[in-house]
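Residue numbers (this note's numbering), protein chains in the order written: chain A, 1 to 98; chain B, 1001 to 1158.
Keep in mind that the hints were calculated from the coordinates and are not lab data.
A couple of the hints might just be wrong.
So the derived list for chain A, only partly shown, Cβ under 8 angstroms to chain B, looks like this [claimed, not checked]:
no.	residue
1	F15
2	G16
3	P17
4	F21
5	G33
6	A34
7	H37
8	A69
9	A71
10	I76
11	T82
12	E85
13	L89
14	V95
15	G97
Beta carbons: idealized from backbone N, C-alpha and C, even for Gly.
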Amino acid sequence: MTSDTKTLELDLMAFGPLKDFISESLVLRVPKGARTHDVLEELVRVLSGDSRFGPSERRKISEILAETAIARSDRILSASETLEESCRLALLPPVCGG
Amino acid sequence: MTESNDNLLSDKTRIWVGSQSLETTPLPQSWRQGTNGAVIEFRGCVRNINEGREVCGIDYDAHLPLARKALEEIRNEILEASPQLGDVLIFHRTGRLSLGETSLLVGVASPHRKEAFRACEDIIIEIKKRVPVWKRELYADESEAWLKGYSLRGPIDG
């Protein structure tokens, strides 16, 4: 994983319904110090520009990501937590165990 | 991620998430000794109808490390809130399950039934809200859909 000093490379792993749109993992570049909330907004922007998805799929992606949490290793990050280094993150859409 | 790290169940296991079948998994024999006058075994099973649609199975996806951590936290909270409980176990399946298969096994041992039933219900409610597990229902007409759930996302501070 390489990045310059001002840009982070985030390796995003999708779970649940997000697997319909992100098959394995996706590398996203964000400025160093970006909040997890900013990561999700950037992800919406990137996926909205993906020609594989039509209007209804883009709407669905936005709806899911608006309620998605981000985890690093076995810890769920707060929406305002800042990222200072390149890392692997998990995208956790709304859960429904049981 | 859902198929790896499947550790085998033992009589001492209290928290488990994996793809191994739970159909013949018993509660610990040791629970039927000593002060436990109530032993509850709850099984969540795949049913054939949901919201009017004919279901033929469910695919369970999970973030294994976080799911195990969340179940451990739920178990600890219940035992702390109800110190009279004898013991608690929570096992959750992943992978593709057929109709009738056990997706969730919750066991509670207690001196009396009242706190055991209450603890079992509280555990299930918390599992649905907090554990990173996702269900994709498979329908008889060969369509499928991910079920809606609870967001784990916190507010943005500052």
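Results of checking the hints against the structure:
Given the 8 angstroms rule on beta carbons, the hint for F15 of chain A holds: about 6 angstroms separates it from the nearest Cβ of chain B. Given the 8 angstroms rule on beta carbons, the hint for G16 of chain A holds: about 3 angstroms separates it from the nearest Cβ of chain B. The beta carbon of P17 of chain A comes within 4 angstroms of a beta carbon in chain B, closer than 8 angstroms, and the hint placing it at the interface holds. At about 11 angstroms, the closest approach between the beta carbon of F21 of chain A and any beta carbon in chain B exceeds 8 angstroms, and the interface hint on this residue is violated.
The closest approach between the C-beta of G33 of chain A and any C-beta of chain B is roughly 14 angstroms, which is over the 8 angstroms cut-off, so the hint fails. Given the 8 angstroms rule on beta carbons, the hint for A34 of chain A is violated: about 13 angstroms separates it from the nearest Cβ of chain B. With a least beta-carbon distance of about 5 angstroms to chain B, the hint placing H37 of chain A at the interface is held under the 8 angstroms criterion. Checking A69 of chain A against chain B: minimum C-beta separation of about 4 angstroms stays under 8 angstroms; hint holds.
Hint on A71 of chain A holds. Least Cβ distance to chain B is approximately 6 angstroms, under the 8 angstroms limit. Checking I76 of chain A against chain B: minimum C-beta separation of about 6 angstroms stays under 8 angstroms; hint holds. Interface hint at T82 of chain A: violated, since its Cβ lies 11 angstroms from the closest Cβ of chain B, which is beyond the 8 angstroms cut-off. Taken as an interface hint, E85 of chain A does not check out: its beta carbon lies about 20 angstroms from the nearest beta carbon of chain B, beyond 8 angstroms.
Because the smallest distance between the Cβ of L89 of chain A and any Cβ of chain B comes to about 11 angstroms, over 8 angstroms, the interface hint for this residue is violated. For V95 of chain A, the shortest C-beta to C-beta distance to chain B is roughly 5 angstroms, which falls under 8 angstroms, so the interface hint holds. Interface hint status for G97 of chain A: upheld, as the beta-carbon distance to the closest one in chain B is roughly 4 angstroms, under 8 angstroms.
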